[in-house]
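Sequence lines, in order, name chains A, B and C.
In short: position in the first sequence from 1, add 3, done, that's the working numbering.
In short: position in the second sequence from 1, add 55, done, that's the working numbering.
In short: position in the third sequence from 1, add 1, done, that's the working numbering.
Just so you know, these hints were derived from the structure itself, not from any lab.
One thing to keep in mind: the hints can contain errors.
Derived SDA-like pairs (lysine to any residue); straight-line CA-CA distance at most 25 Å [said to hold, decoys possible]:
#, chain 1, residue 1, chain 2, residue 2
1, B, 140, C, 186
2, A, 141, B, 235
3, B, 114, B, 296
4, A, 243, A, 270
5, B, 95, A, 270
6, B, 95, A, 271
7, C, 136, B, 120
8, B, 114, C, 134
9, C, 37, A, 270
10, B, 140, C, 214
11, B, 140, C, 298
12, B, 161, C, 194
13, A, 243, B, 114
Just so we're clear, the structure is a prediction, and the values are computed from it rather than from any experiment.
Below are the chains, spelled out letter by letter.
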Amino acid sequence: MGLILEVEGLHVDLPLPAGRLQAVRNVRFEVSQGETLSLVGESGCGKSLTALALMDLLPPRAIRRAGKLVFEGRDLSGAAEETMAHLRGNRMAMIFQEPMTSLNPCYTIGNQLVEAYLQHRRASKREARERAVFLLEKVGITAAGSRLKQFPHQLSGGLRQRIMIAMGLMCGPSLIIADEPTTALDVTIQAQILALLADLQREFQMGLILITHDLGVVARVAHRLCVMYCGQVVETGTTKEVFARPLHPYTQGLLRCIPVPGRLEPGSELGSIPGLVPTPIGVLKGCTFRNRCPKSRPECVVENPHLREIGPNRALRCLDTLASAA
Amino acid sequence: MPDLVLELINLTKTYQVSAGAFRGQRDLRAVNGITLSLEKGEVLGLVGESGCGKTTVAKLVLALETPTSGHIRLQGRPLAECDSKEIARQVQPVFQDPYASLNPRKSVGSIISLPLRALKVGNQASWSKKVGEIMEVVGLTPRLRHNYPNQLSGGQRQRVAVARALIMRPQLVLCDEPTSALDVSVQAQILNLLMRLRRELGLTYLFISHNLAVVEHLATRVAVMYLGRLVEEAPTRELFRNPRHPYTQALLASVLTPEPGLGLPDTHLGIAYPNPIDPPSGCTFHPRCPRAAEACREQAPVSRREGGRLVECHFPEEL
Amino acid sequence: MSSYISSSSPGETGLGLEVVFPSPRQIMRRAMLRHKGFLIGLAVIIVVTLLTILAPVLAPHDPYAQDLGRRLVPPVWQEKGTWDHPLGTDNLGRDYLSRLIYGSRVSLLIGLSVMLIAGLIGTTLGLLAGYFGGKIDMFVSFLITVRLALPAVLVAVAVVSLIGGSMRIVILVLGLLVWDRFAVVIRASTQQIRPLDYVAAATSAGCSTFRILAQEILPNLMNNLIVVATLEVARAILLEAALSFLGMGVQPPTPSWGLMISEGKEFMFFYPYLITIPGVALFLLLLGFNLLGDGIRDVTAPEGR
Chain A
4 MGLILEVEGL HVDLPLPAGR LQAVRNVRFE VSQGETLSLV GESGCGKSLT
54 ALALMDLLPP RAIRRAGKLV FEGRDLSGAA EETMAHLRGN RMAMIFQEPM
104 TSLNPCYTIG NQLVEAYLQH RRASKREARE RAVFLLEKVG ITAAGSRLKQ
154 FPHQLSGGLR QRIMIAMGLM CGPSLIIADE PTTALDVTIQ AQILALLADL
204 QREFQMGLIL ITHDLGVVAR VAHRLCVMYC GQVVETGTTK EVFARPLHPY
254 TQGLLRCIPV PGRLEPGSEL GSIPGLVPTP IGVLKGCTFR NRCPKSRPEC
304 VVENPHLREI GPNRALRCLD TLASAA
Chain B
56 MPDLVLELIN LTKTYQVSAG AFRGQRDLRA VNGITLSLEK GEVLGLVGES
106 GCGKTTVAKL VLALETPTSG HIRLQGRPLA ECDSKEIARQ VQPVFQDPYA
156 SLNPRKSVGS IISLPLRALK VGNQASWSKK VGEIMEVVGL TPRLRHNYPN
206 QLSGGQRQRV AVARALIMRP QLVLCDEPTS ALDVSVQAQI LNLLMRLRRE
256 LGLTYLFISH NLAVVEHLAT RVAVMYLGRL VEEAPTRELF RNPRHPYTQA
306 LLASVLTPEP GLGLPDTHLG IAYPNPIDPP SGCTFHPRCP RAAEACREQA
356 PVSRREGGRL VECHFPEEL
Chain C
2 MSSYISSSSP GETGLGLEVV FPSPRQIMRR AMLRHKGFLI GLAVIIVVTL
52 LTILAPVLAP HDPYAQDLGR RLVPPVWQEK GTWDHPLGTD NLGRDYLSRL
102 IYGSRVSLLI GLSVMLIAGL IGTTLGLLAG YFGGKIDMFV SFLITVRLAL
152 PAVLVAVAVV SLIGGSMRIV ILVLGLLVWD RFAVVIRAST QQIRPLDYVA
202 AATSAGCSTF RILAQEILPN LMNNLIVVAT LEVARAILLE AALSFLGMGV
252 QPPTPSWGLM ISEGKEFMFF YPYLITIPGV ALFLLLLGFN LLGDGIRDVT
302 APEGR
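Construct the complete structure from the given sequences, taking the supplied hints into account.
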């Protein structure tokens, strides 16, 4: 199981009138072949920007810095746009949240799938179309041939997302980045799409970075996860480990917030995390979670906690030594 | 005789939509004969996915649309006979999108006091006092009343929406996916707020959502909609323990709880997603139903009510 | 299933840093002060407005006073020019600078009045069409189509030639003709705002339709409305100049820039300043309004969320 992606020291800054917003701070993670890594967090934590940073698709004003950004053995931290353009859609593909707007309404499905392929491969239109049909069938779309002639608006959200997945696979990438791929879909379709992604990932031995806010999705689909808060990774580990023993107070808080049928007394109070997510602008000293943390100590105000390895595949960013020593 | 806050009797709403260029108009039955009632103090969870018609039900109850047929009764009085101001006193909404539900050009204080001003209740001084009070009740610092929506977070905006809904102490609060667009931690705060307010102020909620876990936590009774029809209705605990309709079973199975190791459920639903303009024959769920038989394709099932539960299926799960 | 919304608090960093997010008005004010086109346009209009208001003080001579002994005196920068008449005199010996200054009154007065009348008509029609839809929308759209099919200048010319020309008639005729852009823009904007939840919430709160149109929808249209209004002032000024040029607008001896160009055209080849001076003035005023309108549109354009 080779390493497809290694990221270290990833920073993304957004200059705002009020100051420099440090949207992504010192993010570190790695993805292997055939593995699903989930970047989990609420909005504003920087997970989507991290994904865009990997593909170098950040908004023009954003500034990206990376200590290490190694993809398939190549360091991309200083890569030119040409190099990135060659990789996007080819070796690494991205699937977005809104299937309604990710597909161009003016072109047929077939047109868009074929274009995705011919962009990076010297092949005839017929070969491209054959591959499109092959992949549409792989993603579970029947009568694939006739679907090629349809336009996006003629299809439901679930079908469109399957087509997005097929489009991502056209050139056989080694890494797929899926940003909230099922958030805009119905609940009964969600499980199907996630199962599809998992199957395809196993079959083609791709790495999958799954970005989501839904801990339920993470639990059922991901092998490993990185919990992000305010631009930083605060906890990493295998899914089983983190859910069985969440160590960071934020992770613990998140898990308490989620209503699980049958677990809580109906009508009782849900656990919640008091306060609001701070805006990381200016000089940031101390732990960014301290104002909302039940375990907050005086040291948390002054010391910046580092992401420390506390076991194989387990890391934690917290000064609460009792928890990390346990 | 129970105190019925809301009654829907055979409610239907049909829209005319164009079926494409040069193909004229087709009927879209968004709501197709719904019968429901809501007692005082209850929380009725109305669940369903896109195209099921729950948003249309919300619009009909708020009198933003008029039914094509059927009746709605608020506190026993037919909705059609009430004028907009009477309705405003009885029912208030909390909408899904905290960005779109507040007028960006008005201050928070002005937004919250809108029902008071529109219904001409009290005067300037009493408005100010009531706004301050309700803001504290929903957990907002009263100083925020001079701010504008763009200066508030999503959770704060939703609290403003709740404050606006409650300032007139309505009989019924209609929540249309009030937390779906919020972060998990904020969602928990707002849900706790809604539960606390229900206890303290004796409110009745019609809670529309697609999130079954939230509904299970909040609702006393659940009604499941599919393509404009009510396919199952039961007290919450019973519905979640013993769902009878195959669609309800699939919905429940689809809830992804944060429990690793359980993998992904197979809902056995297939990918034939229905088009509301052209619904399937007989039982509209039959193309996706794992238990579908010949009868299901030919004949629409009849609703059966027994022991406080309702189910509309030819082959419902036995209890 | 809507897109995900940030829970970030704009007001606190929670880290001891108070980040104050400005109100919509403050955001706009800051953007305005940075926009060059807006500032230039505003400057031009302020200057012209001052000219208009202070005309009696600033004009060196009476714009109607003829002096046949001093006809066609060229402006001061040509030989034979004199500081007594910095912009020269016209063929009846009237001081050109004074006529130019008083002419700005005509342009601005007509421009603003027409904009107000057309704005009232167009906004009302647009609001009703956008809000109610259905038959009302069909009727208003029909009116707009008919109006667009008629060339404004020709209709104005026809009407004026039937009833005669004067400032009042020009204002009325133009006002009743140029409301189309208002109606189209306001209708489209109203249609966008109509389905938003805060309108539904206002209806549920018991607001009357009038209150919703005036208090909930109109304030959110103001940005578009102001942009269209400034551009329509420019259009009205140009139309008035065209009508006066054709002799179908303001009647002599009233100083109007269009009329001045018309009266000067006979002497165009020997005394080009007779048409270039009012021409440039017109150009600058129109440019000013256009820059202002564009500036307002840029400044109030929604940038993300």
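Against the structure, the hints:
With a CA separation close to 32 Å, the supplied pair residue 140(B) and residue 186(C) exceeds the 25 Å bound. Between residue 141(A) and residue 235(B), the direct Cα distance comes to roughly 32 Å. Violation of the 25 Å bound is thereby established for this hinted pair. This hinted pair does not check out: residue 114(B) and residue 296(B) have alpha carbons roughly 31 Å apart, beyond 25 Å. Proposed proximity of residue 243(A) and residue 270(A) is contradicted: the alpha carbons are some 29 Å apart, above 25 Å.
Distance check on the hinted pair: residue 95(B) and residue 270(A) sit about 17 Å apart at the alpha-carbon level, within 25 Å; holds. Note on residue 95(B) and residue 271(A): the hinted pairing holds, with a Cα-Cα distance of about 20 Å set against a maximum of 25 Å. Of the supplied pair hints, the one linking residue 136(C) and residue 120(B) holds, its CA atoms being roughly 17 Å apart against a limit of 25 Å. A C-alpha spacing of about 18 Å is found between residue 114(B) and residue 134(C), which places the hinted pair at or below 25 Å, so the restraint holds.
Only pairs whose Cα atoms come within 25 Å are accepted, and residue 37(C) paired with residue 270(A) is rejected, the gap being roughly 58 Å. Between residue 140(B) and residue 214(C) the alpha-carbon distance is near 17 Å, which keeps this suggested pair within the 25 Å criterion. The hinted pair formed by residue 140(B) and residue 298(C) fails the criterion: a straight-line CA distance of about 38 Å is larger than 25 Å. In summary, the hint linking residue 161(B) to residue 194(C) is supported, as the alpha carbons are separated by about 15 Å, within the 25 Å threshold.
Between the alpha carbons of residue 243(A) and residue 114(B) the distance comes to roughly 44 Å, so the proposed pair goes past 25 Å and is violated.
The earlier numbered hints that this structure contradicts are 1, 2, 3, 4, 9, 11 and 13.
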